[in-house]
Amino acid sequence: MSISNTHTLNAWIDGIGLLGPGLENWPAARPILAGVADYVSQSLVVPAPMALPPAERRRVGLTVKVALAVAQEAVAAAQADARQLAAVFASSGADGDNCDAICAALASDGRHISPTRFHNSVHNAPAGYWGIASGAMTPANVVCAYDASFGAGLLEAVVQVSVDAVGVLLVAYEAPYPEPLQSKRPLPSAFGLALALMPQPGPRSLARIQIELVEATADVLENAELEALRRQIPCARGLPLLQALASGRPGRVVLDYLSPLGLAVEIQPCG
Amino acid sequence: MQAMLRQRKSGLLPCRFESVNDLETFIGEAPDVDAAPLPAPFAEYECRNNRLAWLGLRQDGFSAAVEAAIARHGRRRVGVFLGTSTAGILQTELAYRRRDPVSGALPDDFIYRTTHNTYSVADFVRHYFQLEGPAMVVSTACSSSAKVFGAAARMIEAGLIDAALVGGVDSLCLTTLYGFNSLELLAPEPCRPFDAERQGLSIGEAAAFILLERPADNLGADAVLLLGVGESSDAHHMSSPHPEGLGARMAMAAALQSAGLQATDIDYINLHGTATPGNDAAEGKAVAGLFGERTPCSSTKGATGHTLGAAGGLEAIVCAIALQHGFLPGGCNTRQLDPNIPIRYLTANLDAAPKRVLSNSFGFGGTNCSLVLGRAG
Chain B
1 MSISNTHTLN AWIDGIGLLG PGLENWPAAR PILAGVADYV SQSLVVPAPM
51 ALPPAERRRV GLTVKVALAV AQEAVAAAQA DARQLAAVFA SSGADGDNCD
101 AICAALASDG RHISPTRFHN SVHNAPAGYW GIASGAMTPA NVVCAYDASF
151 GAGLLEAVVQ VSVDAVGVLL VAYEAPYPEP LQSKRPLPSA FGLALALMPQ
201 PGPRSLARIQ IELVEATADV LENAELEALR RQIPCARGLP LLQALASGRP
251 GRVVLDYLSP LGLAVEIQPC G
Chain V
1 MQAMLRQRKS GLLPCRFESV NDLETFIGEA PDVDAAPLPA PFAEYECRNN
51 RLAWLGLRQD GFSAAVEAAI ARHGRRRVGV FLGTSTAGIL QTELAYRRRD
101 PVSGALPDDF IYRTTHNTYS VADFVRHYFQ LEGPAMVVST ACSSSAKVFG
151 AAARMIEAGL IDAALVGGVD SLCLTTLYGF NSLELLAPEP CRPFDAERQG
201 LSIGEAAAFI LLERPADNLG ADAVLLLGVG ESSDAHHMSS PHPEGLGARM
251 AMAAALQSAG LQATDIDYIN LHGTATPGND AAEGKAVAGL FGERTPCSST
301 KGATGHTLGA AGGLEAIVCA IALQHGFLPG GCNTRQLDPN IPIRYLTANL
351 DAAPKRVLSN SFGFGGTNCS LVLGRAG
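Protein sequences appear in the order of chains B and V. Take the first sequence: its position 115, counted from the start at 1, is 115 in my numbering, and no numbers get skipped. Take the second sequence: its position 33, counted from the start at 1, is 33 in my numbering, and no numbers get skipped.
Accuracy of the hints is not assured; some may be wrong.
[Claimed, not checked] Taking CB as the label site, the calculated pair distances span: (1) B:Ser259 x V:Asp109: 44 to 52 Å; (2) V:Asp351 x B:Gln84: 54 to 62 Å; (3) V:Gly61 x B:Arg58: 50 to 58 Å.
[Unchecked claim] A few chain V positions that, by computed beta-carbon distances, are all more than 12 Å from chain B: (4) Lys147; (5) Ser258; (6) Thr347.
[As the list claims (entries may be wrong)] In silico lysine to aspartate or glutamate, DMTMM-like type, Cα no more than 20 Å apart, as pairs: (7) V:Lys355 x V:Asp267; (8) B:Lys184 x V:Asp217; (9) B:Lys184 x V:Asp100; (10) V:Lys355 x V:Glu293; (11) V:Lys9 x V:Asp265; (12) B:Lys184 x B:Asp97; (13) V:Lys9 x V:Glu189; (14) V:Lys355 x V:Asp222; (15) B:Lys184 x V:Glu46; (16) B:Lys184 x V:Glu29; (17) B:Lys184 x B:Asp147; (18) V:Lys9 x V:Glu29; (19) V:Lys9 x V:Glu46; (20) B:Lys184 x V:Asp109; (21) B:Lys184 x B:Asp100.
Just so you know, the hints here were simulated from the structure itself, not pulled from any lab data. We treat Cβ as the ideally placed atom computed from N, Cα and C, and that holds for glycine.
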């Protein structure tokens, strides 16, 4: 059953950023997702956020590094001006290491927490650092829907593209907690997935996507290791969309969203 | 709330929250949050933030209004978009004190998903009303529950939903009390927004809920409309605003543009006005630059404290009260206005009949959001 919209919710994907274990970036991941190269799981190598001034660069944790890496990859691939794009950041949690350090300090006698740790504890820290790195003064939204955070972010981003007719950079990212929180919220690895979404087709457009809310369960990935990533890391729930894009063929995938809803994405490759 | 504003009463008291007795500061603590546990089916959501949410849902006939909207539109057509900065992190702070002395493990009764996680409050509210539509938490620090108005309005315009439960819930916790203390931003007295001798902020907590719907054809004159939303980013610093208030000014200008209004159309501004020296100076420059000294404005944080991720929703409600009841709330605690900030700051209530008002919410990470609200008639 689909739900009627008054707007056609569509967008053109002009750039993709990807970073996950064994998925170094979009060009390297594309043949793996298309099934023509083997997936080899390996731990994540996260580049330093060189676009940040040195003082900020020293202060940031893993979530910011992952978010900025995929954001920059998507914007560069789209050959877009980051300062012209609105942004939607989606994550199921904030900086896990930072959160653990603060909670440990607050459980100690002194209760002393550092100012940097405190301002890095906000859920929108990656969005704030992205503004500093890119110079973008455009609106940046930061959303969370627990395991449905990727679906919530994609829905918010495509609604902005369709309703406001603006280009939107979607940045979904995740980093694991250390123990003892890791046992309560197990995430196997950091992961990032970014899409540069445009309201019109352009020379860099890879595909048009059209989304709708449906009552359906999410598609799974055939490769067992990739499927494990999809299941275990909320922002990796966007991988079925990237797999369809990697194939270069028109298609339709259903991504995880909030029960009883799924997010259906119709994909029409460009050119 | 209306009586509190009418009497210009401040709810700020010396901080005695939980075990916090070493901070010389004042807080706005909501009464009776711990008076009753959540209803049994929601036991896994048990934490201060969700209890505060539940308390808020039962005020002013709000739950009945939501149920009526569900009856009109259906469970799938009512969205939930709430702002919070720290959700139920207090639950984790307390659990860390009970870590296993040998293994370091958190206690078995600690549930991350329904308490600590940023989404927990929207999840609780969505389940409480058995809703099946879109939902999310917006977590952009102190602009969170202003930005939800924009997200909800877009979803309504896109036709995905017909109504949305918006607002924000943020509750006292040690992270924010000791965190703002580490930044030396807590006032040792009840906060004094825009005072020449302001010394910082007072932290508060609130649950603020608003039901947003597509306007009906036969609205009463008292109905409050969301006329415009403007958002921007400072792209400047993580915890200090742009010194000239550039991002704040962009957000206000965007809100006016989205409402199709000029600065002269605005009858009152509810300022973000946290009472830190830097924030008020930057916001003052932005307001003076766009509105001059004409438009009456005030910060209501002297009454409520800074309710962080709930501030945007709470202050939208302050604006709705001003619109419906015909008065402009003067700010509490401010004794000597800062002579370097050339705006028309109200230190007493003003009887007036505002038709269109603007509310500012700005946050860490340089996130800015302004709302324009107005009367239907």
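We went through each hint and held it up to the structure:
1. B:Ser259 x V:Asp109: 44 to 52 Å: Hint violated: Cβ distance 25 Å, outside 44 to 52 Å.
2. V:Asp351 x B:Gln84: 54 to 62 Å: Cβ of Asp351 of chain V to Cβ of Gln84 of chain B: about 46 Å, so the range 54 to 62 Å is violated.
3. V:Gly61 x B:Arg58: 50 to 58 Å: holds, 52 Å
4. Lys147: Per Cβ check, Lys147 of chain V is inside 12 Å of chain B; nearest 6 Å; violated.
5. Ser258: violated, 10 Å
6. Thr347: holds, 31 Å
7. V:Lys355 x V:Asp267: holds, 7 Å
8. B:Lys184 x V:Asp217: This hinted pair is violated, its Cα atoms lying about 50 Å apart.
9. B:Lys184 x V:Asp100: holds, 14 Å
10. V:Lys355 x V:Glu293: It holds: about 19 Å lies between the C-alpha atoms, which stays within 20 Å.
11. V:Lys9 x V:Asp265: Status violated; Cα separation ~29 Å.
12. B:Lys184 x B:Asp97: holds, 14 Å
13. V:Lys9 x V:Glu189: With Cα atoms ~15 Å apart, Lys9 of chain V and Glu189 of chain V stay inside 20 Å; holds.
14. V:Lys355 x V:Asp222: holds, 10 Å
15. B:Lys184 x V:Glu46: holds, 16 Å
16. B:Lys184 x V:Glu29: violated, 30 Å
17. B:Lys184 x B:Asp147: Holds, at roughly 14 Å.
18. V:Lys9 x V:Glu29: holds, 14 Å
19. V:Lys9 x V:Glu46: Violated: Lys9 of chain V and Glu46 of chain V sit about 31 Å apart, past 20 Å.
20. B:Lys184 x V:Asp109: Answer holds: Lys184 of chain B to Asp109 of chain V is near 11 Å, not above 20 Å.
21. B:Lys184 x B:Asp100: holds, 12 Å
Consistency note: the structure conflicts with the earlier hints numbered 1, 2, 4, 5, 8, 11, 16 and 19.
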